[in-house]
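Whenever a hint applies, use it, and build me the whole structure from the sequences.
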Amino acid sequence: MPFTLKDGKIEQFIGSLPPAPELATLNQQWQTLYYALHQRFDVARRRLFEVEEQGITNISTATFQELCQEIETKFNSWLDSPSFLKIDRKLRTKLDSNEEIQIIIETGDYTLHRFPWHLWHFLEDYQQAEIGLSNFEYSPIKLEKKQRNKPRILTILGHSEGINIKADQALIAQINNAEIVFLVEPKSAEFHEKLWDEKGWDILFFAGHSHTENYQGIIFINPQESLNIKELKTAINKAIKQGLQLAIFNSCDGIGLAEELSKLNLPQIIVMREGVADLIAQEFLKYFLSALQQNKSVFCSLREARERLQVWDKDFSGGSWLPMICQNPSTIIKSENQVNSGFIINNLYESIREKLEINFLGRFKKSKEINDKVDKNDNNKDKLIDTSEDKQEIDSNNEIDNELKTKSPENPNKQNKPNNTNLNIKIATLLIISIATIFAVQIGKAKQEFFLYYYLLAEQTKNYLLNTKTVANFFTIETVNDILNQKPDSSIYDKLAVINAEKGEHKKAWDWYSKAIESNPKNINAYIGRGYVNL
Numbered sequence: 001m002p003f004t005l006k007d008g009k010i011e012q013f014i015g016s017l018p019p020a021p022e023l024a025t026l027n028q029q030w031q032t033l034y035y036a037l038h039q040r041f042d043v044a045r046r047r048l049f050e051v052e053e054q055g056i057t058n059i060s061t062a063t064f065q066e067l068c069q070e071i072e073t074k075f076n077s078w079l080d081s082p083s084f085l086k087i088d089r090k091l092r093t094k095l096d097s098n099e100e101i102q103i104i105i106e107t108g109d110y111t112l113h114r115f116p117w118h119l120w121h122f123l124e125d126y127q128q129a130e131i132g133l134s135n136f137e138y139s140p141i142k143l144e145k146k147q148r149n150k151p152r153i154l155t156i157l158g159h160s161e162g163i164n165i166k167a168d169q170a171l172i173a174q175i176n177n178a179e180i181v182f183l184v185e186p187k188s189a190e191f192h193e194k195l196w197d198e199k200g201w202d203i204l205f206f207a208g209h210s211h212t213e214n215y216q217g218i219i220f221i222n223p224q225e226s227l228n229i230k231e232l233k234t235a236i237n238k239a240i241k242q243g244l245q246l247a248i249f250n251s252c253d254g255i256g257l258a259e260e261l262s263k264l265n266l267p268q269i270i271v272m273r274e275g276v277a278d279l280i281a282q283e284f285l286k287y288f289l290s291a292l293q294q295n296k297s298v299f300c301s302l303r304e305a306r307e308r309l310q311v312w313d314k315d316f317s318g319g320s321w322l323p324m325i326c327q328n329p330s331t332i333i334k335s336e337n338q339v340n341s342g343f344i345i346n347n348l349y350e351s352i353r354e355k356l357e358i359n360f361l362g363r364f365k366k367s368k369e370i371n372d373k374v375d376k377n378d379n380n381k382d383k384l385i386d387t388s389e390d391k392q393e394i395d396s397n398n399e400i401d402n403e404l405k406t407k408s409p410e411n412p413n414k415q416n417k418p419n420n421t422n423l424n425i426k427i428a429t430l431l432i433i434s435i436a437t438i439f440a441v442q443i444g445k446a447k448q449e450f451f452l453y454y455y456l457l458a459e460q461t462k463n464y465l466l467n468t469k470t471v472a473n474f475f476t477i478e479t480v481n482d483i484l485n486q487k488p489d490s491s492i493y494d495k496l497a498v499i500n501a502e503k504g505e506h507k508k509a510w511d512w513y514s515k516a517i518e519s520n521p522k523n524i525n526a527y528i529g530r531g532y533v534n535l
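Its first residue numbered 1, the sequence shown is counted upward by one per residue in the UniProt record's numbering.
Be careful, since some hints might not be right.
Stated by the list, open to error - As a list, the in silico DMTMM-like pairs of lysine to aspartate or glutamate whose alpha-carbon atoms are at most 25 Å apart:
#1 Lys-508 <-> Glu-518
#2 Lys-150 <-> Glu-193
#3 Lys-286 <-> Asp-315
#4 Lys-187 <-> Glu-137
Everything labelled a hint here was simulated from the structure, so no lab data went into it.
As structure tokens, this is what we get:
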């Protein structure tokens, strides 16, 4: 059982569990009652095949819930077996309850993949821990280096008879700062061609009908065609080499899909372990994307989405038991390097604004007035930005108002330097951030978690504005201690170093690494490995 911490450290413990035929029987009963209950309610499912009820006619939600409770009790009794309990104890001596933890169960037993591992009581004490599954056999993958400014998402909207996958499409379309390609009921050849795209993909998403037959996962891409993973093997292997990190199948009975994709060493696969009601599939995707865009890891996002589904268990019994993740242990992805890092930046603006409203006083009302003015001049945003050197310093509210008036359509004779930059963020938001940052430095109330957000925002603005010294100067190394009003821990410096290294700004990366080493000399070995320290 390998587990990884948020800092990327991986440890592995080996234990064993006794045979559990009673649990296997209970799990089969759970499946039977689950499908019987949902057939009775005539709930739309992302499954084309019906499951025989085996003569069950008297089934109630209460009966099903009693079975769920029995499974939870006996499942944890099984995990308390002496041969496995030592793993629980070792984990508790190694782990911090506030740390993000990925636990991976490696097993070659297909039946165990259907067990409800999320019921392990260990997770109650570790709120940022999540369990993934893996086969015994796996290999690291050799990636072709692809330079992408934002993640690419290939979204397959397959056969949709009886279900509403337009809801999935709408949710995916809301992801900011990502390149999203939709294929609606594609032909097999079209699907293959897209997987071979030379630009590569970061995420593969499928919504539609699927099921598992003879341990093989099958997806229905249009009313006439279905595909199994073996038929897609070569194309998926190519996509993995070009950077595919995550596949999400928001469809029924996906364990067969996960098994086959795990054999191809895809880093992460999310599926539903049984048939899923259409509404539950939609709610899961909404909750999962919401968490992911808050810069939470895939593991933590999955856990949050599953826990939020519990509110639906009264109407859709067992729905919160369905989401599961399979992980290739050789390609553990740190949260700051995962696929969502590319589109998180545009989601920072509103969350940062909310935090600034709570933590800083004095300027928000005026900034909101500026924001309203910008909104009213939506077609003239480029004209609202002064690129002249003598207008870089804007300190007072009057100067801000004058600046807006000077650049409004009511002053058409004002000459501006050409600005060919594609501005996709509001200048008012930048003003709010910069004003609040100055204020935070003055009153010493800025916290560490804000600093990284500020830095990311400053770096983002450099890509969109021609003259941003006024903003960017607030985020230099020299002002770090002033902003934090305390000595930062080395992880802040380290994250900033990684950000700049990935952008190819190695001089700046080295400056941040130097700060990290100064803050914590023990880090030097890690930086030697990254090539930033030569001995």
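Comparing the hints with the structure gives:
1. Distance check on the hinted pair: Lys-508 and Glu-518 sit about 15 Å apart at the alpha-carbon level, within 25 Å; holds.
2. With a C-alpha separation of about 21 Å, the suggested pairing of Lys-150 with Glu-193 holds against the 25 Å cut-off.
3. For the proposed pair Lys-286 and Asp-315, the alpha carbon gap of about 18 Å is at most 25 Å, so the pair holds.
4. The hinted pair formed by Lys-187 and Glu-137 fails the criterion: a straight-line CA distance of about 33 Å is larger than 25 Å.
Hint 4 from the list above is the single one not met by this structure.
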